[in-house]
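Participant: Spelled out, the chains give:
2 protein chains.
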Amino acid sequence: MNEIIKLLQSHRSVRKFTDQPIPQDVLGEMIKCGQAAATSSFIQACTVIQVEDTGKREQLVGLAGNQPYIASAARFLVYCADMNRLQLACDMHKSEMLSGFTEQFITATIDCALFAQNVLTAAHSLGIEGVYIGGIRNNIQAVTDLLELPHLVYPVFGMCLGYPAQNPEVKPRLPLSVVLKKDRYQDDTDTQTISEYDEQVRDYYRTRTGGKKDTAWSEQIAEMLVKEARPHMKAYLESRGYLLK
Amino acid sequence: MNEIIKLLQSHRSVRKFTDQPIPQDVLGEMIKCGQAAATSSFIQACTVIQVEDTGKREQLVGLAGNQPYIASAARFLVYCADMNRLQLACDMHKSEMLSGFTEQFITATIDCALFAQNVLTAAHSLGIEGVYIGGIRNNIQAVTDLLELPHLVYPVFGMCLGYPAQNPEVKPRLPLSVVLKKDRYQDDTDTQTISEYDEQVRDYYRTRTGGKKDTAWSEQIAEMLVKEARPHMKAYLESRGYLLK
Chain C
1 MNEIIKLLQS
11 HRSVRKFTDQ
21 PIPQDVLGEM
31 IKCGQAAATS
41 SFIQACTVIQ
51 VEDTGKREQL
61 VGLAGNQPYI
71 ASAARFLVYC
81 ADMNRLQLAC
91 DMHKSEMLSG
101 FTEQFITATI
111 DCALFAQNVL
121 TAAHSLGIEG
131 VYIGGIRNNI
141 QAVTDLLELP
151 HLVYPVFGMC
161 LGYPAQNPEV
171 KPRLPLSVVL
181 KKDRYQDDTD
191 TQTISEYDEQ
201 VRDYYRTRTG
211 GKKDTAWSEQ
221 IAEMLVKEAR
231 PHMKAYLESR
241 GYLLK
Chain L
1 MNEIIKLLQS
11 HRSVRKFTDQ
21 PIPQDVLGEM
31 IKCGQAAATS
41 SFIQACTVIQ
51 VEDTGKREQL
61 VGLAGNQPYI
71 ASAARFLVYC
81 ADMNRLQLAC
91 DMHKSEMLSG
101 FTEQFITATI
111 DCALFAQNVL
121 TAAHSLGIEG
131 VYIGGIRNNI
141 QAVTDLLELP
151 HLVYPVFGMC
161 LGYPAQNPEV
171 KPRLPLSVVL
181 KKDRYQDDTD
191 TQTISEYDEQ
201 VRDYYRTRTG
211 GKKDTAWSEQ
221 IAEMLVKEAR
231 PHMKAYLESR
241 GYLLK
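Quick note, the sequences are listed as chains C and L, same order. All the letters of the first sequence, read from the start, carry residue numbers 1 to 245 under my numbering. All the letters of the second sequence, read from the start, carry residue numbers 1 to 245 under my numbering.
Pairs count within a copy or across copies, as identical chains cannot be separated in the list.
In silico DSSO-like cross-links for lysine-lysine, where the CA-CA straight-line distance does not exceed 30 Å:
no., residue 1, residue 2
1, Lys-182, Lys-94
2, Lys-16, Lys-32
3, Lys-16, Lys-182
4, Lys-32, Lys-171
5, Lys-245, Lys-227
6, Lys-182, Lys-234
7, Lys-6, Lys-16
8, Lys-213, Lys-94
9, Lys-213, Lys-32
10, Lys-171, Lys-6
11, Lys-94, Lys-227
12, Lys-182, Lys-171
13, Lys-32, Lys-212
14, Lys-245, Lys-234
15, Lys-32, Lys-182
16, Lys-16, Lys-213
17, Lys-6, Lys-32
18, Lys-94, Lys-171
19, Lys-212, Lys-94
20, Lys-171, Lys-212
21, Lys-227, Lys-171
Since the hints were derived computationally from the structure, they do not count as laboratory data.
All chains should be modelled from the sequences, with the hints used to inform the complete structure.
Facilitator: The following block contains the structure:
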């Protein structure tokens with residue numbers, strides 16, 4: 001295993017940061033790593049809003065379900081799937097852009113995710129840690145308004161970045177045999193394998209919480225999925241010009 | 001700039017590969033890097049189908065719009081957004097899973113993208129190169145059938161991996177000022193900046209094709225977006241249990 005593989009496999013989300021700043025030029029290099037990721041048909045559909053305004057940061061803490069590290073992280077980035085820029089390109093050539101396709105939603109969203117993961121890897125290589133903030137989708141219209149996002153732009157997730165002031169353990173992942181399949185999907189033995197993995201996850205939580213949390217993976221999933229998942233998202237995205245056809 | 005940042009910034013898609021194989025244990029380590037990526041609420045919603053069967057590889061070449069490197073790459077992986085496994089977890093606890101939310105489509109799709117980008121970075125660190133294959137969505141129902149994907153599983157993209165037999169140039173990306181914005185979205189100067197960037201892209205294509213291709217970025221985008229984008233995707237995804245509400 002080389003150093004990069006070790007680095008990738010040792011990923012944990014970090015939510016407590018020191019006061020050490022991340023200089024703007026360093027952030028710029030990290031963003032360039034994001035830009036260098038593959039982009040579907042060269043659309044380059046990711047735009048990053050770097051939130052510096054402390055008032056906006058505080059508002060985002062609340063909008064994302066009270067996540068105080070949005071305010072305390074050295075940097076807070078919002079990754080936006082952006083077809084507004086493609087509209088500009090079409091306008092430059094007086095082309096009538098066809099938008100609203102679900103396929104375009106997929107490519108723009110994936111562009112953002114590949115971009116962001118490169119930024120995070122670049123960050124890790126510099127000793128900077130962070131966490132994705134899906135919680136900005138809790139109140140996505142308010143986040144959209146706060147950041148003045150135009151039509152055809154939606155905030156996919158946020159990301160806190162900073163130098164770590166905590167050192168969480170790596171969370172055990174599903175066994176490889178469940179996740180990597182050969183030539184076809186078959187899940188005959190997956191329930192059994194998940195049961196065994198459940199005990200690993202239970203141990204991880206027990207150790208991490210001094211016995212207070214004692215939940216298996218499948219239990220956690222089963223509890224979560226009986227609840228509605230941000231049911232406002234469909235109408236919101238349609239209003240932004242996505243998922244219409 | 002450290003070695004990891006250099007590696008990330010030097011990414012190019014590679015479509016020609018030597019015969020050198022990628023051993024299964026090396027692939028396993030790369031997949032573990034994928035698994036180590038962040039996953040929304042720990043859902044771990046990515047499953048990878050490693051396609052070894054040569055007949056299936058040949059079929060995929062055609063289904064993805066005649067991309068022969070799907071057959072010739074040392075490895076071909078199909079990344080699937082997988083809520084079937086979450087269904088298994090719910091079944092283990094006799095929980096009634098609520099599915100069909102657009103939000104779940106987003107989280108499962110992003111899980112796959114973060115996972116895949118880590119796999120690709122791990123590959124690069126070993127001198128292995130590759131290319132994402134969004135073309136599997138051209139005939140996504142046929143790909144679904146070929147890989148025997150159950151309900152609630154959809155193939156997001158493929159990925160060819162192998163040792164490179166070509167050395168393409170790095171494609172220039174949009175200027176940082178267009179992609180990274182501060183506190184709010186504003187695009188007042190973006191058209192001007194895109195015009196300047198257009199000339200860089202034109203130069204890149206001219207050099208790469210000996211003058212045959214001579215297209216600016218905005219031109220390329222404008223030409224592409226007057227066409228429908230895989231208009232079957234919405235109905236397909238709904239039939240798989242996604243994007244229903």
